[in-house]
Amino acid sequence: MPRRGNEEPESKFVGARHLMVAAGLASAVLSTGAVLSFYEESLPGTLNPLYAQSMVDFRSQELVFDRIYFHSPIDNRIMSRVVEKGELAEGGKGYKLTLKAGLKWHDGKPVTSKDVCFTVAAMLDPKTPSPMAAGYRTVLAGCEAQAPTVALVRFTKVFHNPQERLGFPLLPEAPFAGNTAISPDLDFSAHPIGSGPYKGNKGRRGVTFEAYPNGHHNASIAQLSLQEGGDPVVQVVTLRNNGVQGILAVPPPLRADVSASDDLQLKSYDLRSWWFMAVNTQKGALADKRVRQALNLIIDRTDLRQLSIGVKPGEQNSPCEFISGPFVQSSPFYNRSVATKEKSDRAAATTLLTSAGLQQIGGRWHFKGQPIQLQIGMLAPLDNEAPDLLTQVANQLGAGGFDRQETKVTVDDWNRRVLTGKATEFDILVGKWSFGVVEEVNDLFETRANAKGSLNIFNYSNSTVDQTIAEYNAARTDTAADDAYHKLHATLADDLPYLFLWKLDTKSAWRTEVRGNTISAYYYWTEIDTWKYGS
Amino acid sequence: MRPSLFLVSLLAACSGGSADVATPAPAESQSAVPPELLATTWQVRLAVDSVRAPFEGRDGWIGYFQGARVAPLAAFAAEADGAALARAHAEYAALYRQAALMAAHATVQVYGADAQPTDPKETAHLLGVSGALLGDEAARGKLGTSAASKVAGLAPRDLAWKAWVDAGAVWPPDAPANGSPGAPTAPAPGQAPNAGTVPHYALPEQGVDTKVEAGDPGTMWALARWHEAAALAAAPDHAGAVRVWIDPWRLPPEPRESAAGVAIPDTFLFMSAMSTPGDALFLADLEKDGSAAVAAHVSDSPYAAVIARCTKEARVDVDCILDEGAALGQAIETAMEKAAGRQDGFHRPFADFARVGLLRAADRAAWKLDDREGGGRLRINALDRTTGSARDPLFLLSVAAWDAGNRNSVRAEELVHGLLTEVPGLEAARLPLDALHIRLSRNAAPGRPMH
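In order, the protein sequences belong to chains Z and C.
Be aware that the first sequence starts at 1, since it is given in this note's numbering, and climbs by one per residue.
Be aware that the second sequence starts at 1001, since it is given in this note's numbering, and climbs by one per residue.
Please note that the accuracy of each hint is not assured.
[Stated by the list, open to error] Looking from chain Z toward chain C, a few residues come up when the C-beta cut is under 10 Å (computed): (1) Ser72; (2) Ile74; (3) His160; (4) Phe168; (5) Gln316; (6) Phe333; (7) Trp414; (8) Ala481; (9) Thr512; (10) Thr518.
[What the hints assert, rightly or not] Heads up, simulated BS3-like pairs for lysine-lysine below, C-alpha to C-alpha not over 27 Å straight-line: (11) Z:Lys157 / C:Lys1121; (12) Z:Lys368 / Z:Lys289; (13) Z:Lys127 / Z:Lys93; (14) C:Lys1121 / C:Lys1150; (15) Z:Lys157 / Z:Lys452; (16) C:Lys1312 / Z:Lys532; (17) C:Lys1211 / Z:Lys487; (18) Z:Lys408 / Z:Lys289; (19) Z:Lys422 / Z:Lys452.
Just so you know, the hints here were simulated from the structure itself, not pulled from any lab data.
Don't be surprised by glycine CBs; every beta carbon is placed ideally from N, CA and C.
With the sequences and hints as input, model every part of the structure.
Next up, the structure:
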């Protein structure tokens, strides 16, 4: 039901403590030994690192595979667990890697330079339809196995920081029988063979990761059990009762409870995440920019944030900060001259809708004589981080004069249909994008063609946007790149293929018995070897 | 409406003025900290209503409890509480030192380590000033090479810094820094000046027609010294406490004096991560004397006592510190309850200052033992606990400075962004960090958005 003017916003978290007690009694399970269970946002879609689409995929794969080089989560030094020696070669266009001795795959076979070159070849193979690999095709030129432990990786040009370009996960040659065209639907995606600290097995209800002792890994936790998180209140109760030992993402309203407990510890997870409502610019009245701008004015972000995330107006140091474009406010790419919309402005919205030819009949907006019904979807796991967000969005649009229908979209459907631009039955889709140090948004907004715009949800197309992205790609200097993204931000904030909502920081919670649990920015589990649990 | 905090249970507003307070009877403790020492913490002593009364109901301290720093300056000035004003200005003097450190580290990374052929020639000046602030002679050697620059205002600055170097580079570099763009003028206690009009310079890039917006790191040093002078002007009698307060946060080339015998009033401890005067002296001595300060302060600093217990074979045991941090917090809460004769809602938030304070002190001790790994882990754990009332802008900015030196721009950007309101001059210090982030972002391995 739409909320009426004078009603106090209610949150799902009202009475949370009461629920927590009740739910906790039912779900408490004691764990023993060095087995660590944790709640993830969802189950991973794939354990094949070439095909990660979600942060859950990405994090899970970090447990199973070694990246050739990575950054220390302590002091950000670039390090490797698999490379004994790395040296520049071929005038800087190559990098010679000497692998450490004794590295093994999870099937017991040795890791060799052939595997390094197989990984490079697989990424360069155009028949490997991996978006991640596509990015590396602009960087990598080839690889030569010069000795069993020596590989020469060649680049497309001289990079002053070649190790930074070797952050990809190492794949084994044998399971693919040397076939470098790797498809996403192989058994490897559920039962991969890596050389990382854990051997992963993806089941229907969870994923287990068994420690695999290796020359370069010696995880002290024997098994990790990934479970799909449900109701966040129940998650916290289960954590309190030691039914699980960690929660990847604790929604803001529950963080104070976690902080107040000596048994639990909130941990920061450095991730740049922002939330959005993608608008189907190809469909009906939404093709008119004025209608999208009106929707942007009908949405009351302050209310939405309070109702779903529990942030009160004017709250200081909020974990949730409004945005006006496709970057977080702390990013230099964010155009700080474009104001955020925090409160609704129905009068201005009405003016825009009327100017777009819409008619309000009986309080409902009509387009070409028919009432507008908005199909609104949301990526289902977001309901745990921002409970009731979908309902609240629908309520606000309903109060603004639009009929609507709500759907929670499963992760699988999101991967198969939404990201591929096929979910065109929807008018609006609520989602979240996460980034690390690379904040490129080109795939989200560029016209979908020839591998460009590969994450363009509603196949949005705008020649100014395409031109601006081309300027970004062609920029010789950082200043030119920054200027291009500022321009892109301003264009998108006007044209509104997305209604930009907010940045929401991510905090995990772990029981204090879990020690050494330094969390890596973006990758999360990079330091899992140092984690300890139990005696 | 007055916010609810520890003051929920507090008395009506009291007049300004600082106080030292009596020590209640020792409480039982599970912590490594002896009860006698525990009883000297400000948390336990100020658990008693009558003892806490001088701090009650005052806008300045309410602001502190909420993580604010600008508003307390004005509030303490209005109350004519010289000591509190000096404490607040001392904190800013430390904050701007960390801002200078962050800007200098970011500058050295982006225009030194990751220099590009298109970078403006005048980045040499920025590198030179950064080198001076970091004590990096190689970078400092760039000073003087921009003396003929046509960029508005830059050549005189370069010449001034070069003159300072030529005169022996004697600290402090106030003469060249005070002419920096946006540098504040005569100290005015109670004010929080910004860094002037930002950017300070528009530097033409080479071979293209774009310009880099830049801030002068020297302005951060000028702001730090301005606040230091304001602190001393506000409470000349507390010059020693001001100095000790700043000591842990000084820039690498700054000379340090002994902290011995300096009196630290409660005003300089209240709602800080230092629980006793001994903690303040310990942290100051740690920077001057290195790890020898631990043994020297085991009897007057709870933190030193715990660190001594948790140090084995020249390594600080991170798990031991974490356990002791929890035990110390609990012991303080128990002692507060005993001292007050009841539980109060502010007991835990007050104890949290010590929980995180111990980790921060241990982090420093680990670094003095050259244990960077342990120090880093403790710092990250401290960061995770720097929330609620214990959210300390100074510590957060120091982590951002560390991150900038480590080329970890993502976290640094986030930390700095969250501090812009309370540290107005940060707008200028942010510019090289922005530049570093863009450069790292464009030179990283390919990445794409994930849902």
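Inset, instruction - Provide an ascending list of the numbers of those earlier hints which the structure does not satisfy. - result: Result: no hint breaks.
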